[in-house]
Amino acid sequence: MKSRQVAQLLVFVLAVLLVPLGLNYWLPKKRPFNRKPLERLQAEQPSIILIGDSLVHAAIDPALLEKELGMGRIAMIWRGGAASAAWYLTLKNQVVASGVKPRWVCIFFTYDLLTNASFRTTATYRAFLESLMHGEDPVCQMVLGDAAQRQTPLQRIASRLYPLNDRRHHYQEKISRFAFRTESLVGPKIKGLPRRVNEIFDVARLRQETLPQTPEAVAARSLVFSADPKKNFLPHIVEVAKAGGIPLCFVRVRPNPGADNEFEEGAELWAYVAQLRNWIETQGCVFIDTTGEKRFRPEMYLRPDDDHIGPWAKEEATKIYAEVLRPILEGRAQPARLEP
Amino acid sequence: MIFHSLTYIVFFLIVLATYWSLSLRWQNLFLLVASYVFYGWQHPWFLLPLWASTVVDWACALGMARWPHQRRLFLIISVCGSLALLATFKYANFFLDNLDKLLVQFHAQPWQIALRLALPVGISFYTFQSIGYVVDVYRHQVPAERSLIKYSLYVTFFPQLVAGPIERASHMLPQFSDHRYFNPETWRSALGLMLWGFFKKVVIADNIAIIANKIFALSSPSFPVLWAGVLAFTVQIYADFSAYTDIARGSARLLGFELMQNFLHPYIATSPADFWRRWHISLSTWMRDYLYIPLGGSRCSPARNSFNLVGTFAISGLWHGASWNFVIWGLYWGLLLLAERGWSALGWKRQLPWLLKVAGTFVLACIGWLMFREHDLGQLLRDFALSPAAASKRDWAIGIYFGFLVCIYSLPLAIHLFFSGVFPRWNFELQLPERSRFIFETTVGIALFMGILTLRSLTTADFIYFQF
Chain A
0 MKSRQVAQLL VFVLAVLLVP LGLNYWLPKK RPFNRKPLER LQAEQPSIIL
50 IGDSLVHAAI DPALLEKELG MGRIAMIWRG GAASAAWYLT LKNQVVASGV
100 KPRWVCIFFT YDLLTNASFR TTATYRAFLE SLMHGEDPVC QMVLGDAAQR
150 QTPLQRIASR LYPLNDRRHH YQEKISRFAF RTESLVGPKI KGLPRRVNEI
200 FDVARLRQET LPQTPEAVAA RSLVFSADPK KNFLPHIVEV AKAGGIPLCF
250 VRVRPNPGAD NEFEEGAELW AYVAQLRNWI ETQGCVFIDT TGEKRFRPEM
300 YLRPDDDHIG PWAKEEATKI YAEVLRPILE GRAQPARLEP
Chain Z
0 MIFHSLTYIV FFLIVLATYW SLSLRWQNLF LLVASYVFYG WQHPWFLLPL
50 WASTVVDWAC ALGMARWPHQ RRLFLIISVC GSLALLATFK YANFFLDNLD
100 KLLVQFHAQP WQIALRLALP VGISFYTFQS IGYVVDVYRH QVPAERSLIK
150 YSLYVTFFPQ LVAGPIERAS HMLPQFSDHR YFNPETWRSA LGLMLWGFFK
200 KVVIADNIAI IANKIFALSS PSFPVLWAGV LAFTVQIYAD FSAYTDIARG
250 SARLLGFELM QNFLHPYIAT SPADFWRRWH ISLSTWMRDY LYIPLGGSRC
300 SPARNSFNLV GTFAISGLWH GASWNFVIWG LYWGLLLLAE RGWSALGWKR
350 QLPWLLKVAG TFVLACIGWL MFREHDLGQL LRDFALSPAA ASKRDWAIGI
400 YFGFLVCIYS LPLAIHLFFS GVFPRWNFEL QLPERSRFIF ETTVGIALFM
450 GILTLRSLTT ADFIYFQF
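So the protein lines, in turn, are chains A and Z.
Under numbering that gives the first Met the number 0, read the first sequence as residues 0 to 339, first letter to last.
Under numbering that gives the first Met the number 0, read the second sequence as residues 0 to 467, first letter to last.
To be clear, the hints were calculated from the coordinates, so they are not data collected in a lab.
A hint or two may mislead.
Claimed, not checked - Interface residues of chain A toward chain Z, partial, derived using beta-carbon atoms under 10 Å:
(1) K1
(2) V5
(3) A6
(4) Q154
(5) Y170
(6) A178
(7) L205
Unchecked claim - With a straight-line Cα cutoff of 25 Å, these simulated BS3-like cross-link-like pairs (lysine-lysine) come out:
(8) A:K241 x A:K35
(9) A:K188 x Z:K392
(10) A:K35 x A:K173
(11) Z:K213 x A:K188
(12) Z:K392 x A:K190
(13) A:K173 x Z:K213
(14) A:K66 x A:K313
(15) Z:K213 x A:K190
(16) A:K318 x A:K293
(17) A:K100 x A:K35
(18) A:K318 x A:K66
(19) A:K100 x A:K66
(20) A:K66 x A:K293
(21) A:K293 x A:K313
Claimed, not checked - Now the in silico label distances, taken between C-beta atoms and shown as ranges:
(22) A:T281 x Z:I407: 52 to 60 Å
(23) Z:L12 x A:K241: 50 to 58 Å
(24) Z:G295 x A:L160: 55 to 63 Å
(25) Z:L380 x A:E329: 49 to 57 Å
(26) A:D259 x Z:L114: 28 to 36 Å
(27) A:L160 x Z:I438: 22 to 30 Å
(28) A:S183 x Z:P432: 39 to 47 Å
By construction, the Cβ of each residue, glycine as well, lies at the ideal position given by its N, Cα and C atoms.
Pulled out of the complex, with its shape left as it was, chain A reads as follows (with noise of 0.2 Å):
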């Protein structure tokens, strides 16, 4: 009787084991590529794309921008918690698949985001960036990959045999529009009901203490420039525009200042920056620093210490990145340096 209960035993452990190992490989493996954005730039042409997070969602109304402008088509590609990693997959997999000429590309970055590879690029995040790829991105491989190499060789087996990450974000996605579905046929009937679920958790409605991590936050650590194209996405951001003759304008947004208007950074951050800024300038591209920027004041902003800009200023600050940005990218004038 025992030796029978062991067997019994040993069949549960493997069958457990083994089963989903096999099955594992019949299923889909990554969140499909979302084509909806390459598709409206196709539909729209427009002449200028702005790149960015929430925080470009938050400052620029893009109609607004557009009749400031007066340059052409303007479109937002925007994504809240978005850094260099989706930025990269944007201009590559969307702006430059999508066959567009845009006069310009503007990325929209606030601290050491643009060199800071791993910012946000995990979790929900990576689900994001799935979204982005088409398979396996190789860059995406190589920059992140020193995460994978992080992991202990157990770790490394385990996520070989059994690939969660793989699977989770389709079935999830599933999940979400089967409630969508079933919401339609019995509740009440709200075109765009995903867009508004979004809109619900937009930046402003959020409570301060609930408010993700901070780019700034995430920065007050030691900064070193690099343009490693191991260790960072900037150099594959500047050497896919080129490659599609895509012009770059890399926009340095303005945080919160704080009440006496005046944004302070340390002398690392100052040093990090110009070091940027030079590297920026001599692959072609413009560099736009707003931080001194101080029609951009504290009131403007949603919270003392938040940097993202208030409803209520949307079209103010959308008039004074007109007001920047025109000579610059009309060609009339070369940036602004600013000096510590």
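Put chain Z on the given structure of chain A with help from the hints.
Frame of chain A, contents of chain Z only:
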């Protein structure tokens, strides 16, 4: 070390293999060392208060046995020591903060002192377990344990150290003296229990946690969205905590020990009292035996009894965390139980259909979870002031969407509840012949593991009850 990590799985496999190759004498010592490794894995200094609590309580219990006429003194030393530990690590800053607020009210200078002490995980659990032991020895319900190793293991046994169940000495200490035998049937049931626990944690609780956290991050949610968030938290906390218990019970079972059941389908409770017979059973019975009954229980005047009941629940609330919302949550349940007594005395309870009683208790539990989740009392008042009439069609659509999402992720829980809680007679698994049952259980095991692989949450979090 957290259960749902590769580190724990490797740690546990090593412990399991070594443990079963040792003789009884060495098994206990080995388990104790393993438990200390488990607990001190990330913060070794957490071991210091644990050791202090263990040694003091063990010595006090021995003191009671050695000098019976001084029993009360040893009891006081031990209980005060345990409470002092809790007060220092868990409640000192809460007390100082409230004192400052009081001083400001009286226009006095606040002290503005805050202790920079990290809260050792599971401190509330092991201090309560120790207090329970000392009181049992004092009451002559269990003999004082002479072996420091066995007593330390009772306090430190790693499967249940950080989030319970809060075990009783009478249940655990004899198990540490008994021989343990390898039983393949027990192992299979333990592995099944652990798989179900992992599934509940990483698939149900962690996925639903994303919804709950998002909604509770909103500064002004609408009525339907807020209550969808409350529903999410209601499922999350049950899936999370019961998952921990299942993994703990499964781990202990593989080592040859049986831990007590901590949950008995609480969301099909038919009344507040019934809910507490099914939810966190080890805490509610602890509170009953070591607080409510010593206070006089129900053998006193109705007024005193009401005070005992509400007071016990208020302290039970405070046990969960140093914050007023937990106290309010405890008071809420205490008052509900009082109301239930009145309701029962009028005979109204018997007249209600079962489904209505379950639904009513579930709604009351949800209201309670809102108090539990919302730490900001101002926000809590605003939440209760929300009106369904003020919500737009869009708000309702979003609330219903989140409600559906919660329901989809809760489906495995609902199926489990249906067959083992609501209609246990329909549990066909029990009626199957042995071979078919084995096939069924193996299929369920494969499905659970596949579920873990494909539906595991994108973000993972610690077990909620770790913070208590």
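Structure-based check of each hint:
1. Interface restraint check for K1 (chain A): the shortest CB-CB distance to chain Z comes to about 7 Å, inside 10 Å, so the restraint holds.
2. Interface restraint check: V5 (chain A) against chain Z, minimum CB-CB distance 5 Å, threshold 10 Å, status holds.
3. For A6 (chain A), the shortest C-beta to C-beta distance to chain Z is roughly 8 Å, which falls under 10 Å, so the interface hint holds.
4. For Q154 (chain A), the interface hint holds, the least distance from its beta-carbon to any beta-carbon of chain Z being 6 Å, beneath 10 Å.
5. Hint on Y170 (chain A) holds. Least Cβ distance to chain Z is approximately 5 Å, under the 10 Å limit.
6. The criterion of a C-beta within 10 Å of any C-beta in chain Z is met by A178 (chain A), whose closest approach is roughly 4 Å, and the hint holds.
7. This hint holds: L205 (chain A) has a C-beta 5 Å from the nearest C-beta of chain Z, less than the 10 Å allowed.
8. At roughly 24 Å between alpha-carbon atoms, K241 (chain A) and K35 (chain A) fall within 25 Å of each other, so this suggested pair holds.
9. For the hint linking K188 (chain A) to K392 (chain Z), the alpha-carbon distance of about 8 Å falls within 25 Å, and the restraint holds.
10. For the hint pairing K35 (chain A) with K173 (chain A), the CA-to-CA distance comes to about 17 Å; that is within 25 Å, so the pair holds.
11. Taken as a hint, the K213 (chain Z) and K188 (chain A) pair is honoured in the structure, with Cα atoms around 23 Å apart against an allowance of 25 Å.
12. For the given pair, K392 (chain Z) sits about 11 Å from K190 (chain A) by alpha-carbon distance, which is consistent with the 25 Å threshold.
13. Under the criterion of a C-alpha separation no larger than 25 Å, the hint pairing K173 (chain A) with K213 (chain Z) is consistent with the structure, at around 19 Å.
14. A distance of roughly 15 Å separates the Cα atoms of K66 (chain A) and K313 (chain A); the hinted pair therefore holds under the 25 Å criterion.
15. With a C-alpha separation of about 22 Å, the suggested pairing of K213 (chain Z) with K190 (chain A) holds against the 25 Å cut-off.
16. For the hint pairing K318 (chain A) with K293 (chain A), the CA-to-CA distance comes to about 14 Å; that is within 25 Å, so the pair holds.
17. For a cut-off of 25 Å, the pair hint linking K100 (chain A) to K35 (chain A) stands: about 18 Å separates their Cα positions.
18. Straight-line distance between C-alpha atoms of K318 (chain A) and K66 (chain A) comes to about 10 Å, which keeps the hinted pair within the 25 Å bound.
19. This hinted pair checks out: K100 (chain A) and K66 (chain A) have alpha carbons roughly 20 Å apart, not beyond 25 Å.
20. As the CA atoms of K66 (chain A) and K293 (chain A) are separated by approximately 23 Å, the hinted pair is consistent with the 25 Å bound.
21. Under the criterion of a C-alpha separation no larger than 25 Å, the hint pairing K293 (chain A) with K313 (chain A) is consistent with the structure, at around 16 Å.
22. Separation of T281 (chain A) from I407 (chain Z) is about 53 Å and conforms to the stated range, judged on CB atoms against 52 to 60 Å.
23. Between L12 (chain Z) and K241 (chain A) the beta carbon distance is about 52 Å. The supplied range of 50 to 58 Å therefore holds.
24. Between G295 (chain Z) and L160 (chain A) the beta carbon distance is about 59 Å. The supplied range of 55 to 63 Å therefore holds.
25. Take L380 (chain Z) and E329 (chain A): their Cβ atoms lie about 54 Å apart, and the range 49 to 57 Å holds.
26. With their beta carbons about 34 Å apart, D259 (chain A) and L114 (chain Z) fall inside the hinted range of 28 to 36 Å.
27. For the pair L160 (chain A) and I438 (chain Z), the supplied restraint of 22 to 30 Å holds, since their beta-carbon distance comes to about 25 Å.
28. For S183 (chain A) and P432 (chain Z), the hinted distance range of 39 to 47 Å is satisfied, since their beta carbons lie about 45 Å from each other.
Of the hints listed earlier, there is not a single one the structure fails to meet.
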